[in-house]
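Engineer: In order, the protein sequences belong to chains A and B.
First residue of the first sequence? That's -11 in our numbering, and the numbers climb one at a time after it.
First residue of the second sequence? That's 933 in our numbering, and the numbers climb one at a time after it.
To be clear, the hints were calculated from the coordinates, so they are not data collected in a lab.
Any given hint might turn out to be false.
Heads up, simulated DSS-like pairs for lysine-lysine below, C-alpha to C-alpha not over 27 Å straight-line [stated by the list, open to error]:
id : chain 1 : residue 1 : chain 2 : residue 2
1  : A       : K(-7)     : B       : K1259
2  : B       : K1190     : A       : K(-4)
3  : A       : K(-7)     : B       : K953
4  : B       : K1262     : A       : K(-7)
To give an idea of the chain B side of the interface with chain A (calculated C-beta under 10 Å), a few residues [as the list claims (entries may be wrong)]:
id : residue
5  : Y1068
6  : P1070
7  : M1243
8  : A1305
9  : S1383
Okay, the calculated beta carbon distance ranges per label pair [claimed, not checked]:
id : chain 1 : residue 1 : chain 2 : residue 2 : range
10 : A       : Y154      : B       : I1289     : 39 to 47 Å
11 : B       : I1398     : A       : G14       : 51 to 59 Å
12 : A       : S38       : B       : K1036     : 52 to 60 Å
13 : A       : F11       : B       : D995      : 32 to 40 Å
14 : A       : R83       : B       : W1273     : 54 to 62 Å
15 : A       : Y15       : B       : W1273     : 44 to 52 Å
16 : B       : V1406     : A       : T131      : 23 to 31 Å
17 : B       : D1476     : A       : E123      : 16 to 24 Å
Values in this document were obtained by computation on a predicted structure and should not be read as measured data.
Beta carbons are placed, not taken as given, at the ideal position from N, Cα and C, and that holds for glycine.
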Amino acid sequence: MHLHKYEKIWLLFGIGSLVVFLFVVGYGAFWQGTHPQSHGVTIDPNNIESNEAFKPENLGLTKVDEDEYIINIAASAFYYDLGKDEEGNSVRTIRIPKGSKVLWQAATKDVIHGFHVAGTNVNMMVEPGYVSSLETIMDNPGTYTIVCNEYCGIGHHMMYATVEVYE
Amino acid sequence: MQLAKNESQPKTSLQALPISKPESRLYMSYISVAFISLLIGGLMGLLQVLVRSGKFTLPAGIDYYQVLTVHGVILGLVLTTYFIIGFHFSLMGKTVGISIKQRKIAWIAFWIMVVGTVMTAVTILYGEASVLYTFYAPLRAHPVFYIGLALVIVGSWIAGFVNWHQLKVWKKAHPGEKSPLLAFMVTINTAMWFICSLGVAVAVLVQFIPWSLGYAETINVLLSRTLFWYFGHPLVYFWLLPAYMAWYAIIPKIIGGKIFSDSLARLSFVLFLFFSIPVGFHHQLTEPGIDPTWKFIQVVLTFMVIIPSLMTAFSMFATFEITGRRKGAKGLFGWFKKLPWKDVRFLAPFIGMLAFIPGGAGGIINASHQMNALIHNTIWVTGHFHLTVATTVMLTFFGISYWLIPHLRGRKLTPQINRLGIIQAIVWTVGMTIMSGAMHIQGLLGAPRRSSYSEYGGGEQVSEWIGYQLAQAVGGTILFIGILLMVYIFIKLTFFAPKGEEEFPIAEEEDDAEETPAWFENWKLWIGITVALILAAYTVPVIDIVQHSPLGSVPFDFPIGR
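Produce the entire structure from the sequences given, and follow the hints as far as they go.
Structural biologist: Shown next as structure tokens:
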């Protein structure tokens, strides 16, 4: 089969760039550990409280060390349960100091939900039967809205919470 | 075989066959459903952008997500499938012919699809299926919704089987000849469609229908999503390849040129067949239950389609330049002026080609493994596919309609309709630039897709988003005007344009073109490689998903208001 000379140059350049690009993506994923979340940790979809992390008292923010936190979230249509504060009110805003290392863990009690700290790469599908988790360092101070970004029903757009990263 | 080929194979196996009245009635029936869908689906789109502007609420208790389900199902599944099958049949009828028996079976396919579409539509209108066109479990729609979808798929299969049979009959009558280019392309696209829709058919028949009827208590959610996306990505290539057919084999004729290379066109279609299917994980990158190494393998396979895409871009612009130079163009870019800018049959698809440059670039970002986390499920993705399917593919389909409909109806594309078509293409471009541009930016800021208007408790980020939603409402309204124009043009071309003969443009090869190698007709090899790639990409991760699956999910009705 005949290929025009210019076409050969064009394809060579194109395929060459593609190889370089895929190498960069692969290097980031395998050597620098930037894989998207994939842990395959399962949970009983009918009883997420059977997992220690999603017992009501463990929901929300837990400080594990200096500048190290775990945030556990129980998602259900159409609500993110972030636990209760000292007065027994439902937590709607989580505050963490800038530069903290945060382990986000989410599970759903019913249908599929999304979990996106808008404007960051903390973006996970939350599916029945699995624990979604991602570790990240919250570097940039600001107020972030957590939105459910996978359709979960007629109240989908009312499902949100807030994260404040303070200096 | 080899000897016979050298002796008898003509340079072009082009022989435009006449299209009879009963044939054109069949093709027009498919295409008419597509344009009715365009009007309904477009109206739903208008309602969505208006709601999301925050200045408008839906009357009579209609739910946003019901409207969104109609929009996705009717434009993504109904319009595209009907138009494509009508176009496929027209191409096959023109290049290899259709027998009376084949035509009858094609009608059966049409009616099965119509029954399926109506069943699905009724459940959505009654609010029993507000699950969006992806119908992710464990949200449960009415069983009739799933059964209707299955019928649409089965109907489309029958149409594809007829296409294969048409080519087979032709090849028997023309031993040793290469199949006509357009018939070859239709066969590739229907083969891809059949192989990929097997996945969603299995999900619907084995998982969803028994579960929605209550015969199965639970459903394996991750498996159902994997089967859906095994189908969901080739679905977008099923939309795109008919546009490529027009670009490779029809546009050159419209601009007064020849096909750049017959074998190159065939090779790119074969590569699309290989690399469209074993890639579904790039839609599931942020899911918790799939091994990241397998995600990465499918990411690499995804990017292989860049190769035929680059080949297509080269071929298009080579054809444009060669044609322009033959018409006497001088200088490096003089040929650009020789293109028929005032011919809507060229202009609309050309804008579509241009839109595919940012569309393709956005697609590379979407599929880039870890980069996906920035935009996954944000409205950036909606902006992306409104460039690719709703601009590249749709403008090419409109470009096809301007000659195909009058050809089938024995009418003429008049200068007035041509001018109206140019206005339509410009209106579409302006509206889409505003709407899709605003969606892309808003998505980068983190705003979710598939969501009704919400202030999310009044966060500072959100106030930024709403300005872009206003821009989308402006763009969407302009697009709706474009849809009204297009539907008017459709009615005009179908019923009122003056009688006459409109050309069915099929480009020819150069007189001194090199012969297309005979191995392109080796269908067993192409299907074999396709299946091998699918098995390589999916066997291990699917076994892993099944073996390590959690307890299944019971159905949920209340979230969708059932």
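Engineer: Take the hints in turn and mark each one as holding or not.
Structural biologist: Hint by hint, here is what the structure shows:
no., hint, verdict
1, A/K(-7) - B/K1259, "23 Å, holds"
2, B/K1190 - A/K(-4), "20 Å, holds"
3, A/K(-7) - B/K953, "46 Å, violated"
4, B/K1262 - A/K(-7), "22 Å, holds"
5, Y1068, "5 Å, holds"
6, P1070, "5 Å, holds"
7, M1243, "7 Å, holds"
8, A1305, "4 Å, holds"
9, S1383, "4 Å, holds"
10, A/Y154 - B/I1289: 39 to 47 Å, "43 Å, holds"
11, B/I1398 - A/G14: 51 to 59 Å, "39 Å, violated"
12, A/S38 - B/K1036: 52 to 60 Å, "59 Å, holds"
13, A/F11 - B/D995: 32 to 40 Å, "47 Å, violated"
14, A/R83 - B/W1273: 54 to 62 Å, "59 Å, holds"
15, A/Y15 - B/W1273: 44 to 52 Å, "45 Å, holds"
16, B/V1406 - A/T131: 23 to 31 Å, "28 Å, holds"
17, B/D1476 - A/E123: 16 to 24 Å, "23 Å, holds"
When held up to the earlier numbered hints, the structure conflicts with 3, 11 and 13 and fits the remainder.
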